[in-house]
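Line order of the protein sequences matches chains A and B.
Here this note's numbering is used: the first residue of the first sequence is 1, the next is one more, and so on.
Here this note's numbering is used: the first residue of the second sequence is 1, the next is one more, and so on.
It should be emphasised that the hints constitute simulated quantities derived from the structure, not laboratory data.
Treat the hints with care, since some could be wrong.
To be verified - The list that follows gives simulated cross-link-like pairs (lysine to aspartate or glutamate, EDC-like), each with its CA atoms no further than 20 Å apart:
#1 K131/B x E39/A
#2 K31/A x D52/B
#3 K181/B x E5/A
#4 K31/A x E47/B
#5 K10/A x D118/B
#6 K4/A x E183/B
#7 K62/B x E19/A
#8 K4/A x D30/B
#9 K10/A x E177/B
#10 K10/A x E48/B
#11 K56/B x E9/A
#12 K181/B x E22/A
#13 K59/B x E39/A
#14 K31/A x E22/B
#15 K10/A x E47/B
#16 K131/B x E22/A
#17 K174/B x E5/A
#18 K10/A x D149/B
#19 K165/B x E9/A
#20 K31/A x D30/B
#21 K131/B x E5/A
#22 K31/A x E44/B
#23 K31/A x E183/B
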Amino acid sequence: MNNKEMNDEKLLRRFLSPERIERAPEGFTTKTLTRIRIETRSLTEHYGFIARNRVPLISAGITAGLILAAILIPSGDNGSIGAEVWKYIRDIEFTLPGINLPKWASYTMIGIFIMGFLDRALSGIFQKRTTSKP
Amino acid sequence: MDSTDDIYYIGQVLEGRINAFEYLVDRHKDKAFNLAFRICGNREEAEEIAQDAFLKAYKSLKDFKMKSSFATWLFRIVYNTSVSLVRTRKKKVLSVEEFPADAVDFLSMNVSDEEAADEYRNSLVNFALQKISEEERGLVTLYYYDELDTGEISGITGISRSNIKVRLFRARQKMAEIIRKAEMKNVLHYE
């Protein structure tokens, strides 16, 4: 650097220093975060509560099931409360009213179920693609 | 640029804690805003650009590969957005070669002498910045205000280091000349 260049550099350093930066306006952070909240969903929000906490929920479900089974299901007919409840459950009889549907109706119902399932699956895939693109 | 904390907070955001992004905004907002403001020369546009940059960064945070620091990545968005905006804007030709105001013009009853001097310097710098190209404004801001080296600036702007040096040299010369002329006018004024 020659003398002139050094003087230019000094002059600019006097006028353009980190202390002289133009600061963001008041409330910039709040405004930006509000905009982010409005314009986007949280990166994991679309999974929902159950999907995000599936591991502890499944674990809690299995544990609760095992505890209930231990209390209610008897090892033999020993007259405990569990045995009575188990006997009651075992003796429940389900009766359905006789419905006479034509054969085509059952095929239609199955068709509707399959179409519905396909619709949900496809909409799930395309919705995921749309939300994942920035 | 220290980015250890940034990495931690990016991880938090990716786990779904949107509030962690507040730290990143708070930490980088001033530099992001300053870069946009110095390039486009307008506070409202600069605020919009800086906000857009944070929004873009948030939306594509999961694609951020950590090859560069978060700041470099963010400033790249701010730089590119600002330069594109200025290019698309109808170019205003500043025919005035010399800074039209004097330091005394900034003195008023409402502000202290120091504040008036700051205001004068700021206006003079902004005037000088408008005399160089939008890319050069970005380079000058990153070099002088953010004190980044040419390698870091290259990472943000995509301009080679040697080209940055040449452009900085040219911008420095031009800006120094304008500032010197204005300073000289003030000296003569007081004499």
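Going through the hints against the structure:
Note on K131/B and E39/A: the hinted pairing is violated, with a Cα-Cα distance of about 37 Å set against a maximum of 20 Å. With a CA separation close to 11 Å, the supplied pair K31/A and D52/B stays within the 20 Å bound. Between K181/B and E5/A the CA atoms are separated by roughly 16 Å; this keeps the pair inside 20 Å, and the hint holds. At roughly 10 Å between alpha-carbon atoms, K31/A and E47/B fall within 20 Å of each other, so this suggested pair holds.
Of the supplied pair hints, the one linking K10/A and D118/B holds, its CA atoms being roughly 18 Å apart against a limit of 20 Å. Straight-line distance between C-alpha atoms of K4/A and E183/B comes to about 16 Å, which keeps the hinted pair within the 20 Å bound. Restraint check: the Cα-Cα separation between K62/B and E19/A comes to about 33 Å, which exceeds 20 Å; the hinted pair is violated. Straight-line distance between C-alpha atoms of K4/A and D30/B comes to about 32 Å, which puts the hinted pair past the 20 Å bound.
Among the hinted pairs, K10/A with E177/B is consistent with the structure: their alpha-carbon atoms are about 13 Å apart, no more than 20 Å. For the hint linking K10/A to E48/B, the alpha-carbon distance of about 33 Å lies beyond 20 Å, and the restraint is violated. The hinted pair formed by K56/B and E9/A fails the criterion: a straight-line CA distance of about 35 Å is larger than 20 Å. Proposed proximity of K181/B and E22/A is contradicted: the alpha carbons are some 24 Å apart, above 20 Å.
A hinted pair counts as satisfied when its Cα atoms are at most 20 Å apart, and K59/B with E39/A qualifies at roughly 10 Å. For the proposed pair K31/A and E22/B, the alpha carbon gap of about 11 Å is at most 20 Å, so the pair holds. The suggested pairing of K10/A with E47/B is violated, with an alpha-carbon distance near 30 Å, which exceeds 20 Å. Simply put, K131/B and E22/A have alpha-carbon atoms about 19 Å apart, close enough for the 20 Å limit, and the pair holds.
Straight-line distance between C-alpha atoms of K174/B and E5/A comes to about 11 Å, which keeps the hinted pair within the 20 Å bound. Restraint check for K10/A and D149/B: satisfied, since their Cα atoms lie roughly 17 Å apart, inside the 20 Å limit. Simply put, K165/B and E9/A have alpha-carbon atoms about 13 Å apart, close enough for the 20 Å limit, and the pair holds. The straight-line distance between the Cα atoms of K31/A and D30/B is roughly 14 Å, inside the 20 Å bound, and the hint therefore holds.
Between K131/B and E5/A the CA atoms are separated by roughly 19 Å; this keeps the pair inside 20 Å, and the hint holds. Note on K31/A and E44/B: the hinted pairing holds, with a Cα-Cα distance of about 13 Å set against a maximum of 20 Å. Between K31/A and E183/B, the direct Cα distance comes to roughly 39 Å. Violation of the 20 Å bound is thereby established for this hinted pair.
Hint compliance for this structure: hints 1, 7, 8, 10, 11, 12, 15 and 23 are not met, and every other hint is.
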